[in-house]
Structure formats: structure tokens, C-alpha cells
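A.B. asks: Protein chains in written order, with the working numbering: chain B, 1 to 268; chain G, 1001 to 1347; chain S, 2001 to 2293.
Simulated from the structure, these hints should not be mistaken for laboratory data.
Cβ coordinates follow ideal geometry from the N, Cα and C atoms, glycine included.
It is possible that part of the hints are untrue.
Here's a subset of chain S near chain B, in silico, CB distances under 8 Å, partners left out [unchecked claim]: (1) L2018; (2) F2026; (3) L2034; (4) T2037; (5) L2090; (6) R2100; (7) G2115; (8) V2122; (9) A2232; (10) V2277.
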Amino acid sequence: MRTNGPLALIFHTIFVVVMLAPILVVCLVAFTPEGYLSLPTTSFSLRWFRAIANYPEFVHAFWVSLGLGALSSLVAVLFAVPAALAIARYSFRGRDTLAALFLSPLMIPHVVLGIAFLRFFTAIGIGGSFAGLLVAHVVVVFPFALRLTLAAATGMDRSIEMAAVSLGAGDWTLFRRVTLPLILPGVISGWALAFIQSFDDLTMTVFLATPGTETLPVRMFLYIQDNIDPLVTSVSASVIAITMTALILLDRFYGLDRVLAGKNDPGR
Amino acid sequence: MSFLELDRVAKQFGAQTVVDDFSLTVGKGEFVSFLGPSGCGKTTTLQMIAGFLDPTRGAIRLEGHDLTVVQPAKRGLGIVFQSYALFPHMTAAENVAFGLEMRRVPRSECSERVRATLAMVGLAGYEERYPRRMSGGQQQRVALARALVIRPSVLLLDEPLSNLDAKLREEMQIELRQIQRNLGTTTILVTHDQNEAMSLSDRIVVMSQGRIEQIGTPQETYERPASAFVSQFLGKTNDFAATIDRTATPGQLIAGSWSAPAPAGLAGPVTVSIRPERIGFGDAGLAAKIVTRIFQGNHWLFQCESECGAVIVIRQNDGQPQPAEGEAVRLAWRPEDMSLRRAGGAA
Amino acid sequence: MSAAPATDGRDARTAWLLTAPALMLFVGVLVIPLAMTVMLSFHDWGQYKGIEPVFILKNWHEVATDPYFAEMFWRTFRIALLTTLITAVLGAPEAYILNRMSGRWKSFFLLVILGPLLISVVARTLGWALLFGGNNGLVNKLLMSLGLIGSPLPFMFTETGIVIALAHVMMPFMVLSVWAALQRVDPQIENAALSLGAGPFTIIRRIVLPQIMPGVLSGAIIVFSLSASAFATPAIIGGRRLKVAATLAYDEFLNTLNWPLGAAVAVLLLVALVLIVVGSNALIERRYAEVFR
Chain B
1 MRTNGPLALI FHTIFVVVML APILVVCLVA FTPEGYLSLP TTSFSLRWFR
51 AIANYPEFVH AFWVSLGLGA LSSLVAVLFA VPAALAIARY SFRGRDTLAA
101 LFLSPLMIPH VVLGIAFLRF FTAIGIGGSF AGLLVAHVVV VFPFALRLTL
151 AAATGMDRSI EMAAVSLGAG DWTLFRRVTL PLILPGVISG WALAFIQSFD
201 DLTMTVFLAT PGTETLPVRM FLYIQDNIDP LVTSVSASVI AITMTALILL
251 DRFYGLDRVL AGKNDPGR
Chain G
1001 MSFLELDRVA KQFGAQTVVD DFSLTVGKGE FVSFLGPSGC GKTTTLQMIA
1051 GFLDPTRGAI RLEGHDLTVV QPAKRGLGIV FQSYALFPHM TAAENVAFGL
1101 EMRRVPRSEC SERVRATLAM VGLAGYEERY PRRMSGGQQQ RVALARALVI
1151 RPSVLLLDEP LSNLDAKLRE EMQIELRQIQ RNLGTTTILV THDQNEAMSL
1201 SDRIVVMSQG RIEQIGTPQE TYERPASAFV SQFLGKTNDF AATIDRTATP
1251 GQLIAGSWSA PAPAGLAGPV TVSIRPERIG FGDAGLAAKI VTRIFQGNHW
1301 LFQCESECGA VIVIRQNDGQ PQPAEGEAVR LAWRPEDMSL RRAGGAA
Chain S
2001 MSAAPATDGR DARTAWLLTA PALMLFVGVL VIPLAMTVML SFHDWGQYKG
2051 IEPVFILKNW HEVATDPYFA EMFWRTFRIA LLTTLITAVL GAPEAYILNR
2101 MSGRWKSFFL LVILGPLLIS VVARTLGWAL LFGGNNGLVN KLLMSLGLIG
2151 SPLPFMFTET GIVIALAHVM MPFMVLSVWA ALQRVDPQIE NAALSLGAGP
2201 FTIIRRIVLP QIMPGVLSGA IIVFSLSASA FATPAIIGGR RLKVAATLAY
2251 DEFLNTLNWP LGAAVAVLLL VALVLIVVGS NALIERRYAE VFR
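Please put together the full structure from these sequences, using the hints given.
C.D. replies: Right under this line is the structure:
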């Protein structure tokens, strides 16, 4: 394998700097000791992180996001595991259509989904409720949970299950003792990826959230629409820190390349 | 005395018939191999016995009871899979104990049987190892122990040795044979490897395209192949055209300049089938020229161009000088070493 | 295995039973709402009477004839196209360079470049807003100190700014897609070309590029469709006046409250994107059927 020349490395360096710059600048500004947007030059201060506590909207929105993310990804996984097992191992009529339907939220612009859910929930009278938000998030993160579970179930050696059956395992024992443990890494990664998707979603949620059910991205977005000050940078920095932690854990647990491979390709 | 009986079993996938008219009776303690190329239906037949597939037609009986109505989980058969199919999240001991757990065997008896079975396959001391930390041969033994510990009525082996290297495969063949003899477990082996089938089995079922070509002892199938397919599939063989002349008395079998008294029955054009190691170089017989001569250690392989087409000859390397390439020779064999079929293939 | 278990009635029943919960969820909460949205685009709306459930073409007529919408859609697709171009031109070489790095550096930089994919879009766009930040923004200061520009360029509230920020947001998708294509390329193939006397430029043009082209194109489809429907970045960088399809629909729904018109815009966006994505997928698969296998 040939190695990269100096030109390639210069390109690479600039590329990486540009990719990181916006994220770094947010994190740096968050530590400014000043009352306005500025890069901290002489000293770092946590005053804007402390200031978050004085804005209950942000704190509340954070808890909403966390609860919504955890719950919607959990529900999505509960729906996705049996569906993934069925799609992975049975060749039945309508299977491809079903798989396409389940992955379709990846293809539909989130703005359209937001509008559709807003219209639907208003019509059936649960507009602005947490329940509506939850159901919407379950549908949107479902493809992520499904894909990773599907990959795990497809990659599994079916004769392992046959072996368990031949040794006398019934359906439920088979699932609990053999199938689930084997697909568990995929299921957990699917859950984690679904959580991050839910936690980060703005475009769809902005249509559905009301002051009581605003998620953190929605709150941040609405805040930025009015004015940009160091407070929103410290909130962003906290979000980045949380995501990074989740990422590192995910990488250790499952391998980030495999997770991201599941995120690619909304087109198919 | 039939222990396991397959009666005109057939399996169709859609319009495609994968196994057809498969009838076989297996005696208790017998070791039977299903031998054939991939796609011949041998694994499908095994899976029907195991219950992972339902036969389209026919019956499978174990000790006279219909097996097809029994759930796969309740059949009590031991299966060793080609991929071993070990539970990767369980240790060797947990793998072996799984079947006993399913049968609610008391814990003390369970651990004793697990220990004894692992010791029997030569894995004493490996109880706490996880499969991924074991070699292919060791995994194979765990799979065997897992299948045997439940004291199965029939042991089903699906290409169990095909993932091992040649030397290890030979060792495992010997060991497998010994274990099977000691336990007296009725065993069915699916394989595409004729040597494996020959060295392990009491009887071989040679299959091709979903049908049984021949059932017989290893010697019978090798010495007296019932069809062109069997003779081709079981080792190297020479097939060439000959004629039986019934006008002479006694009748003469004539192949080029080789001839012998014709056996009773056949007449007209026939196919002669003869194993390469049964052909000798002599003063009279089929005229041939040696095209290539290959030295293979314990034997020589000659490719000859004869009056009746290409012929392969194998001679033991006994230290004697052998004919050189390009040399003209005469090929001869004893009439009892060949088998005859009507020209066109069928026996 | 010589035979895959075929499906009999029992298996099909099990399969439908297992997928039933998810299927009911999707029909109830995805198919029906989408159908209702399409219906909504045909309803009437008035400032004081609100939504009237009738079937008229008023909204579609307005979207089709009012030059405001034509300009807005043209802007939306222009931004998406430029973003796609930038990600392809910069992302493909980067993926190639990344692929040639040695083990540990490779996975480190892959993490650095793909990681932002999972970081909130709001936070990433906020970063660009800070970097652009009026005439005193860091980007302008840097460009001026390098002598590339004489006076500050406007980035905030311009299409240029939207395209730059959007390209940053979408870049990981392109790198990932090209990266995936590169994984299928035999590393020895470049050495083979080298041994046949090809120079580095020839190798890239004749050997590498044709093989990663399917990756670039499928990455382009992803980036294009996500950019054309992007909301957060155009809303924050573009401000209130520079509207794209998604931000316009948002305005119609939550400010003007003309839902039927907003629904028409959204449905049009959806239909246009599905046509473009499906059409180009078909084109690519026909063109590169061999490479895709």
C-alpha cells in the first residue's frame, strides 16, 4: 500500500481543522468569562455553565429530551427485534415491501414527517402532548433500531439455533438463552443510535413541541432565533460532551464503524 | 431389524424436487453415511430426519413410531453441524450442559455427565473455555460432546469434519469411529468426502440429484459400483466401450486387442469399468501408449492413450523400474476386477 | 448449506405475527398521517375561517403560479446541488487519503470526521454562526490576514453561508459513502497498475476513480436529499428572509397558520425528492451494475 504524500497530508490537515472548527469554537466560547460572545483569551470561566441552572427552560428541555430519547428508542427496539427476526429469517410474501415501509422514515424529509404528525395528532386530539411526541419519535428512530438488529440477526449462524432446538429448547427458551444473547450487541447499538437520533432531532420535533414538551434542540433553536449569547454555547458544549461520551462508550462496546455503517444510506 | 426407517421420503421446494423416493432402514448401532456431491439432497434428508424440514411425501419412523409428527425439540436426536454451531456466549461445559438443562436433569447428575462426556472426547480440563478460544478440532469435540451427552437415539453428523485440516480430519475419523463403537449410538453421517464415508461407515448411501444410486458396504460400493455415477464418484475409475460377441462359444468380451470369456447375461455393446490400480502392464492385452507418468510417492500414476480411449493406471511404487513416457505397453486385468454395464450407463 | 429452508404456511404466519406490532404502528402513525397531509394540501384556508375540509386546487395553483415559490424551490435545489458538489469534491479525496493511512491513525481520523454526524445539528450550525459572526467573524479575519480578501464577506444570511455550513453538516455522509466503496477495492490493484507503468495521476484517474464512483454518486444522492430538506442550518444561517422549502413550510404551519399551503409545499418537496432519489438510483444502478454486483 502506498502512503500519502505531503500534499495529501496538507489537504487532510486543513480538512480535519475545518471539520472540527465549528465544534471547537462552540466549546471554547462556552468557557468565556465575558458577558458577550468572545473567545476566552486570558482565563476560562464556568460562569455560563452555572448560568444554565438559572434557565429552567433549558434544564426542563434537557430532561424531556433525555426521557423522550430513552423511552422512544426502547419502544422502537421492542418493536424492531421481532420484526427484524421475521425479516431476517423468513422469506414470506410481502417481506421486501414490509422492509421498505419500515425503513421509509429515513427517506421521508423530517419536515414532512413533522407536518404529517402535527396534522394527525391535532386531528385525533393529542396535539402537543408528550404521548404524541413519543409515538412520532418511535417511528422516526425505528429504522435505526431495525437496521442494526437486522444486521445482527442476518449475520448469525442459523445452525446455532437449530442446535439449541435439537437439544430440546422451546421457542421462548431458544429466544431468551440463545438468540437474544447473540444479537444483543446489535440490539444495544441499535438502541443507542436510536437514542442519539431522538435526542438530536430538531426538524420534526419543532412542529410537535409545545412549551411543556420542548426538547433541548428545539429550545436551543428557538433561543438562537432570538439571540445568540454565551449561554447557548455552554448548553451546546454540554450536549456535545454528552454525545461524545455516548460515542466513546458505543465505540468501545460495538465498534463505531459498524454503527455508522447502519446510519448511512437513507436512500435504500 | 429396523431402528430408523425412511420410507419413500421426498422433499420438494416449489416445483423443484430435492429428494425423491428415499427409502432406507438403519439398524440399531449402525453407522450409515449419506455420500454425494453438494446439492444431491443429502443434507436435506438429514434435516428431514432432524425435523428442520418436513417431508413432502413419505414417512420417517423411529422404532416403529412416526417421527414427522414430533417437534424437532422433542425428537431427542443429537446433531453435529458443519459450522459446529456452538453457543459462543457459553463455555464448553455450559454448551454441553444445555441439552441436559432442557431435560431438567438434576444439577449434580448434570455436571457429572458433562464432565464425563468432555473427558470422553478428550477435553478434560477445558470446561471453562469459551468456544472462540478453542481450536477448530477442540470446537468439533465440544459439538460432539454436546450432541452425545443427551444420549441421543440417533446421532446426526452434517459434514462434521470438513472444516478441519487433512491431518486432524484423519485423527478425528479414527476417534469418532471408536467413540461411536463404544457407545453403540446409531449414527448418520452426511459427507461429500468418499474417504471419510469409506473409513467410518458400516454402510454407504450414495446419492445423486436427490435419488439413491446405491446402498451398500464401503467395499461393495467401491468394488461393485451399481452405476456409472457411483464408480466415478468413488475414487478414480476407467470406463471404456467393449462388445460381447455371443456368436462365438463361449461368448467373448472384446475391448480392442484385449478379450476374455463373457459373463452370462449381457450382449452387444457394453461399458467396462475398472479401477486404475487393478490394471497391470503385461505382454498381451489392450494396446496403449504412455502419455504422462507422474510420481506420487507411494505409487505411480500413468495416463495412457489406448485403443479404447484414455486409461489411467496406478502402480504401487515397489522399487521396480516402470515404463517411461512414450513407451508402448499392453494393459491387462483380471475379469473379476471389472464391472460391466450395458452401454449407455444404467447397470 | 445445500438447501435453504423454504417457507410453508406456518413460517409465513409466524413472520406476520412477529412484524404485526411494527406494521400496525407504521400504518397507524405513518401511512395515515402522510395520507392526511396529502389531503390537507387540497383543503381551503382563510385568515378567519381557518381550515375548510373541501377539495380544491387553490394551494397547488398558488404554488405553481406564484414566482415566489418557484424562486424558493430553485434556491432550495441550488443550495442542495452546491452542497453536494462541495462534499463530493472534498469528501472523496479525503476518504481516499483516510483509507491509505495506517491502522490506528485511520480509525482515529475516521472517528474525528464521522463523529460529528451524531452531534446535534443545532450545535454544529451554531458553531458556523459564531465563526461567520458578522464582519468581525473569525472566518473573515482569517481570510483577510491571509490576504485572500480585501474586505469582509457577508456569510450570515447569505446562500454562501448556508452552503458552507450545510456542506460541513453533510460531509460525513459523503466520506462514509466513499469509504464504504473503497473498502471493496483490492489494495493490490494500485500496485498492479503501478507495475504496469502507470503514474500516480493515471492511477487515480483510471483505476481509483472509476471504482469509487458508485460510492461518490450514492453519497451524492444522500447529501442532496438531506440538503434539499434541511431545516436547522438554513433557518439559523439564512435567518428569517432567506427561505428554503423546509423553513417556508415551517413558517406556514407555525406562524402564518396556513396549513394547507404549507402541506402543499411539503408534499411537493417530498414528491420531488422521491423522484430525484429513485430516478438517480436507477440510473446509477444501471450504469454501475457491474461494480455494484
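A.B. asks: Hints first: check each against the structure and report whether it holds.
C.D. replies: Cross-check of the supplied hints:
Hint on S:L2018 holds. Least Cβ distance to chain B is approximately 4 Å, under the 8 Å limit. Taking 8 Å as the C-beta contact cut-off toward chain B, the hint placing S:F2026 at the interface holds, the least distance being around 6 Å. A cut of 8 Å between beta carbons decides the hint on S:L2034: the least distance to chain B is about 5 Å, and the hint holds. Below 8 Å, beta-carbon pairs count as interface contacts, and S:T2037 has one with chain B at about 4 Å; its hint therefore holds.
This hint holds: S:L2090 has a C-beta 7 Å from the nearest C-beta of chain B, less than the 8 Å allowed. A hinted interface residue such as S:R2100 counts as satisfied when its beta carbon comes closer than 8 Å to some beta carbon of chain B; here the least separation is about 5 Å, so the hint holds. Hint status for S:G2115 relative to chain B: holds, with the closest Cβ pair at about 6 Å, below 8 Å. Because the closest C-beta pair between S:V2122 and chain B is about 5 Å apart, less than 8 Å, the hint holds.
Annotation: interface hint on S:A2232 holds; nearest CB of chain B at approximately 5 Å, less than 8 Å. With its C-beta approaching chain B no nearer than about 5 Å, S:V2277 sits inside the 8 Å limit, and its interface hint holds.
Violated hints: none; the structure is consistent with every hint.
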